[in-house]
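Novice: Protein chains in written order, with the numbering used here: chain V, 1 to 270; chain Y, 1 to 346.
Derived by calculation from the structure, the hints in this document are not laboratory data.
Not the full set, but computed from the structure, chain Y residues with beta-carbon under 8 Å of chain V: (1) Pro219; (2) Asp222; (3) Leu226; (4) Gly227; (5) Tyr229; (6) Tyr230; (7) Ser234.
Computed, partial: chain V to chain Y, Cβ under 8 Å: (8) Leu55; (9) Ile93; (10) Asp102; (11) Gly144.
C-beta atoms are modelled at their ideal positions from N, C-alpha and C, and glycine is treated no differently.
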Amino acid sequence: MTDAPVLIRDLNLDYPSGPTVLSAAHLAIRGGALTSLVGPNGGGKTTLLRCIAGLLPPSSGSVELSGIPVYGRGALSRRRRARILSVVLTDRIAPAYLRVEDLVALGRIPYRSVIGTTDAREEYVIQHAMEQTGVTHLARRAVGRLSDGERQRVMIARALAQEPHIILLDEPAAHLDPPHQTALFQLLHRLVSEGIVTSAVVATHHVHLALHFSHELVLVSDGTVRTGTPQALVDNGEMERAFLQGFGGGEVPILDQTRGWFVPSSLGSS
Amino acid sequence: MSRTDRGTSPIAGILAAVAALLVTALLALAMGSVPIAFRDMLTAVGIGPEREISGAASYIIRLVRLPRVVTAAGAGAALGLAGLTMQTVFRNALAGPGVLGVSAGAGLGVAIVLLTGVGASAAVATVPAAMVGAALVLVAAIAVNRAVGHPVLLLVMGLLFGYAANAATTLLLASAPGQGLERYIVWSFGSFALPPGPGPILLPMAAGLTAVGLAVAGPRVDALLLGPYYAESSGVHARRTQAILIVVAGGLTGLVTAYTGPISFLGVAVPHIARGWIGRSQHRLLVPATAIIGGWLAIAADLVARLPGNERVLPLNAVMALVGVPVVLVILLRGRRSGDGEGIGL
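If we strip away everything but chain Y, and leave its shape as in the complex, we get (with noise of 0.2 Å):
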């Protein structure tokens, strides 16, 4: 049986969800390559006793760590989002943020100025390259939407521009010098290390307005699940809101790409998890469990990748995915295993 007949109340497992990231979020706080006591970690953060600790400890919490969390719970909620908004205009189970060709992008733009030397001097070049690169790329998939209007040729047009992009950043690296050859490498590792700037803040707040908007334009964002058809015949402006949230999406996947590099796996697999969770797919229900499962997963990659005795931070992707297949697996086969279905609806 899933819950979606056991009647388990989903809010109880948003509830669940919220736990999980608080009580994940203080571990990535206390953990790490200096050992810092849980209880000076309270204090650090503004939620123990008013106490004395050490300034470096204190430095290392609220300028090192906490940013660090938070870009990876913002992070990973809008990636989350950007997914599921993604799956649900294209009503596609294998639809996610890199759909429309953005993150790639966002890599060329980094790629231009990393590999050309436009940018080799300046350290922070990386965020307003992807930024415009990411754009391009939106800007370009507007267009193309508003021409032929359908969804699913944006989809494929989405994959082009994708591949085109991800060419032009293979020629660039087989032309580059050594050195920036390695910084576009790192930054395509991802990393929620952010120079210091705007975006532990922006992250979460984009996620945030996303996941308000999306909830509050619920019913009307369920009805396109149904079709576009089905949408327009129960009142609900079908192409206007497909248009909406694939900027929604699209600018969410660029703003997240640019500051944390191309983030692999999540967009995709966030949704997907979270229906499993509360076995449901309304969006006023979904939008929270994905936004809250998506932060929560960022944070326990991110974790792992810098786990304590490890003087290497790990590449972020490669632990998201390493960490996260056999977590979708076993979602995906208990649902088979339990008869709802292949357990990838949307």
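Same shape as in the complex, but just chain V (with noise of 0.2 Å):
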């Protein structure tokens, strides 16, 4: 592929008749690699995720999925982006009744004709997408009695089941405990590395686990995006900055960079 998977050149993201929540000269995300945007609140993770996923059309500038635009001219119609980028947003979900194995199936959605029914290869896909997650035993569970953590590796594997080249989570982990966080991750990164997605995007608050398994960063803060490894970005404190600055929360707490943990700055910097 001579694209990258997501490439993003000039591009403003406003509110209606408002300031500019963000601008981003050049982004690429690469492929065969986790991608974690991370920054404080407010700095536009989530606008930034749905403008890659063809939810929110920028003001000005555009967003390449492989070489395809996903607003204006030429666009992708809303099927065909489907077939190579799916999500996984911080919605809550409404239908209690539906079964884990047919919310998957929705993921199937863009591949079906109208009138279309489930044949052996898509039921093939659906299965498949449910083993990827480790979520086959609670096929026949109803999404509301869910866990947590259940339902996030459910809509993981619904996001699967669309077959997509690239997969956006946003803020995947916030609801799960610790070593559900961490497991989520080492999914993630699993995906990436054995080619079951192209490309891995996660906007998230755990800069911890961001810094350990994300192969590149994205800091979102300021209106703005820098790009770089984890540790570079920890390095040439970059990574630090793009947190506090103008930050309003009392004491300023400082990075620890080894844990990737914000810690009061008297403890010092180890």
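Take the two lone chains and join them into the complex the hints point to.
Specialist: Written as structure tokens, this is what we have:
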């Protein structure tokens, strides 16, 4: 593939009739990589993610998936876009009586004809997606009766059932306990390293996990983006600055570079 | 354990509901203020053996009870589907056919005709009046949807339309002459006994077409349950799908209300009963279940409303709620006890 899976140029994202949220002159998401978007609250991580997903048109600039524009002239149709990219969002999902396997099957919508019923190949993709995230044993459970961790894995299985090149996740670890947070990032890392998806992009507040598992970081703060490897962005202090610019929460903490946690400055940096 | 986990076939649940619908329909044909033998009834509707029956019995069955039962089935199915559609579009368990204010608009149309004397002479003027009222509110709702494109705002606007239409109706009622007042109140009770006309055919046809359309679009409609962003990202044009569903549900509600008067309760409750009964949320299963259970409950409520031995016909709306509320309570509480969460999911 000659083109980057996601390529953003001269992007401006505005509030409707308001100030600019985010500008990005150039941002490329690499293939074969787990990329984390990190930055302070209100920095625009979710906005950027939605824009890449085709859910939020930019006020100017372009977003391309493998060289094909997401918005504007010659843009991907919804259906074609859905075959390239899928999402796991923070939206509350309504259907309490939907069974896990039926929810995962909704990932096949972009491949179905209007009448479309489920054939053997479709069934295989759905089962395979559930195996990837370890939810096969939950197949007949109602979605309303899943734990937060189970539901998150089911939503990832649904996204995988779209057979995407790119999977975007918004705060996927938000409601999980620490071991499940780690397991989730492990899962995402494996999806990329085994080539099940070309790229995974995660917006997250779990800096320590982002530092540990990501191949690449995108710092989203102060209305702009900076990319680099986790090590480089920590070493040159960009990481710390991205979070602490305009910090208004009392005594300013510092980034513990080995652990990836913000700690009180009195403890000192190790 | 719910049906969802037990793996009980939802198809079996739907077939059981069909059986209940048919049995109740036959009972409703046989029972009434004039006693008619069951086998005479079967002959009159053409499913019994060929034999001589009295002209009066034949007339009552074919021209009074059959249209009434068919109307009830069609209206119940249509309102159930309208409620289901609204709950899906708004992702809200409390949404129902009334949320757009369409039935309130129909009520205002009827009130204007009956209370200002515009249609005092014409017996069937309520149907076109209600249709015009419902259509105006629906057009306003579509315009709002186009302008703001946000379902929750549409919900609030629908409530406001409803309040405004009800307020205007109340003003008319307060200054109305006695005769028109009585006719309006009788209309607002709701009834499946229609004046002669295409109503009994129209309602089941509208419900049937809607059911087929919703079932064909099934998975796309399912995707809306995950919210517009998930729907869009899986290739569904969320806003367009929502708009189509709103028009369909509003149209069905307006049509039913025009013929039968405002039928409360059914539209909100039936989708929940259907979900509890078959234990699924997929529209391909939920749509037939909702239509059948809606038709069945409407026939049953109408049967209770005109129980034999009772000279007067009870107000349908009152019977509907009195019969329906315990049913829904049982289903919801049973769901709670068996640990299916709060029991009012979608």
